[in-house]
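With the hints as your guide, set chain B onto chain A.
If you read the sequences in order, they're chains A and B. In terms of the working numbering, the first sequence opens at residue 120 and continues consecutively. In terms of the working numbering, the second sequence opens at residue 15 and continues consecutively.
What the hints contain is simulated information worked out from the structure, not anything from laboratory work. This structure is a prediction, so every number in the text was calculated from the model and none was measured. Warning: the hint list may mix true and false statements.
The calculated lysine-lysine pairs, modelled on DSS-like cross-linking and capped at a C-alpha distance of 27 Å, are [as the list claims (entries may be wrong)]:
1. B:K92 / A:K222
2. B:K25 / A:K184
3. A:K222 / B:K71
Computed beta-carbon distance windows for the label pairs [said to hold, decoys possible]:
4. A:I175 / B:E58: 32 to 40 Å
5. A:F211 / B:G17: 21 to 29 Å
6. A:S174 / B:G42: 24 to 32 Å
7. B:E82 / A:P230: 44 to 52 Å
8. B:T126 / A:Q161: 15 to 23 Å
9. B:R23 / A:K176: 24 to 32 Å
10. B:G73 / A:E199: 29 to 37 Å
Per the computed footprint, the stretches of chain B lying under chain A, defined by three or more beta-carbons under 8 Å from a beta-carbon of chain A, are [as the list claims (entries may be wrong)]:
11. 51-63
12. 117-128
Backbone N, C-alpha and C define an ideal beta-carbon position, used for all residues, glycine too.
Read off the chains here:
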Amino acid sequence: AQRVTQPEKLLSVFKGAPVELKCNYSYSGSPELFWYVQYSRQRLQLLLRHISRESIKGFTADLNKGETSFHLKKPFAQEEDSAMYYCALTPFGAGSYQLTFGKGTKLSVIP
Amino acid sequence: GAGVSQSPRYKVAKRGQDVALRCDPISGHVSLFWYQQALGQGPEFLTYFQNEAQLDKSGLPSDRFFAERPEGSVSTLKIQRTQQEDSAVYLCASSLGPISGELFFGEGSRLTVL
Numbered sequence: 120a121q122r123v124t125q126p127e128k129l130l131s132v133f134k135g136a137p138v139e140l141k142c143n144y145s146y147s148g149s150p151e152l153f154w155y156v157q158y159s160r161q162r163l164q165l166l167l168r169h170i171s172r173e174s175i176k177g178f179t180a181d182l183n184k185g186e187t188s189f190h191l192k193k194p195f196a197q198e199e200d201s202a203m204y205y206c207a208l209t210p211f212g213a214g215s216y217q218l219t220f221g222k223g224t225k226l227s228v229i230p
Numbered sequence: 015g016a017g018v019s020q021s022p023r024y025k026v027a028k029r030g031q032d033v034a035l036r037c038d039p040i041s042g043h044v045s046l047f048w049y050q051q052a053l054g055q056g057p058e059f060l061t062y063f064q065n066e067a068q069l070d071k072s073g074l075p076s077d078r079f080f081a082e083r084p085e086g087s088v089s090t091l092k093i094q095r096t097q098q099e100d101s102a103v104y105l106c107a108s109s110l111g112p113i114s115g116e117l118f119f120g121e122g123s124r125l126t127v128l
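Okay, chain A solo, but in the shape it has when bound (with noise of 0.2 Å):
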């Protein structure tokens, strides 16, 4: 069975500082990792996949297997990154397809 944590339910930050929303997770295998965001008054939305190595947005997150981590950070926050993220994992490979996800953490950015 698979497993996110995201330890932080709230997480306040002001504009121009640095940001890190933090993701662990717990599976025996080789998982994929994601961010989904969820902006106010909109749908739940992906922002980003750990095989993915880019960037959305200002925001990376790096796959860290030995600390079962996937953080996500931005350098410099904005006020529109205020939003719920929610850091979710699938089993990697063919047949994979049911997401779990955290309880998620509402970072709110300071003006």
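Just chain B, lined up with the frame of chain A:
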């Protein structure tokens, strides 16, 4: 439509009533998922369809929950004899292929059971 559409957006039911929640996935998407999101929690998997086949229903919390996708497009999640603990947002998501990853979510149906 441009995205996944769910209806109703809000539903209030008296305890013991049956409810039906509808999901219109993005046209051509093979995979369809239902998730339940309780207040303050992340989405929790309920069930998965690949076309019309329900391949996994392991997340359905009880036999009062039933989902179908008879023609491989629109899906309905039915909850019989609703209980207060069923109060949650029910999210539908679809994806293009059989392997998930980028799920496209609907806005959800918020169910409140009194």
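Cross-check of the supplied hints:
no.: 1; hint: B:K92 / A:K222; verdict: holds, 25 Å
no.: 2; hint: B:K25 / A:K184; verdict: violated, 42 Å
no.: 3; hint: A:K222 / B:K71; verdict: holds, 21 Å
no.: 4; hint: A:I175 / B:E58: 32 to 40 Å; verdict: violated, 25 Å
no.: 5; hint: A:F211 / B:G17: 21 to 29 Å; verdict: holds, 27 Å
no.: 6; hint: A:S174 / B:G42: 24 to 32 Å; verdict: holds, 29 Å
no.: 7; hint: B:E82 / A:P230: 44 to 52 Å; verdict: holds, 48 Å
no.: 8; hint: B:T126 / A:Q161: 15 to 23 Å; verdict: holds, 21 Å
no.: 9; hint: B:R23 / A:K176: 24 to 32 Å; verdict: holds, 27 Å
no.: 10; hint: B:G73 / A:E199: 29 to 37 Å; verdict: holds, 33 Å
no.: 11; hint: 51-63; verdict: holds (count 7)
no.: 12; hint: 117-128; verdict: holds (count 6)
Hint violations for this structure: numbers 2, 4, all remaining hints satisfied.
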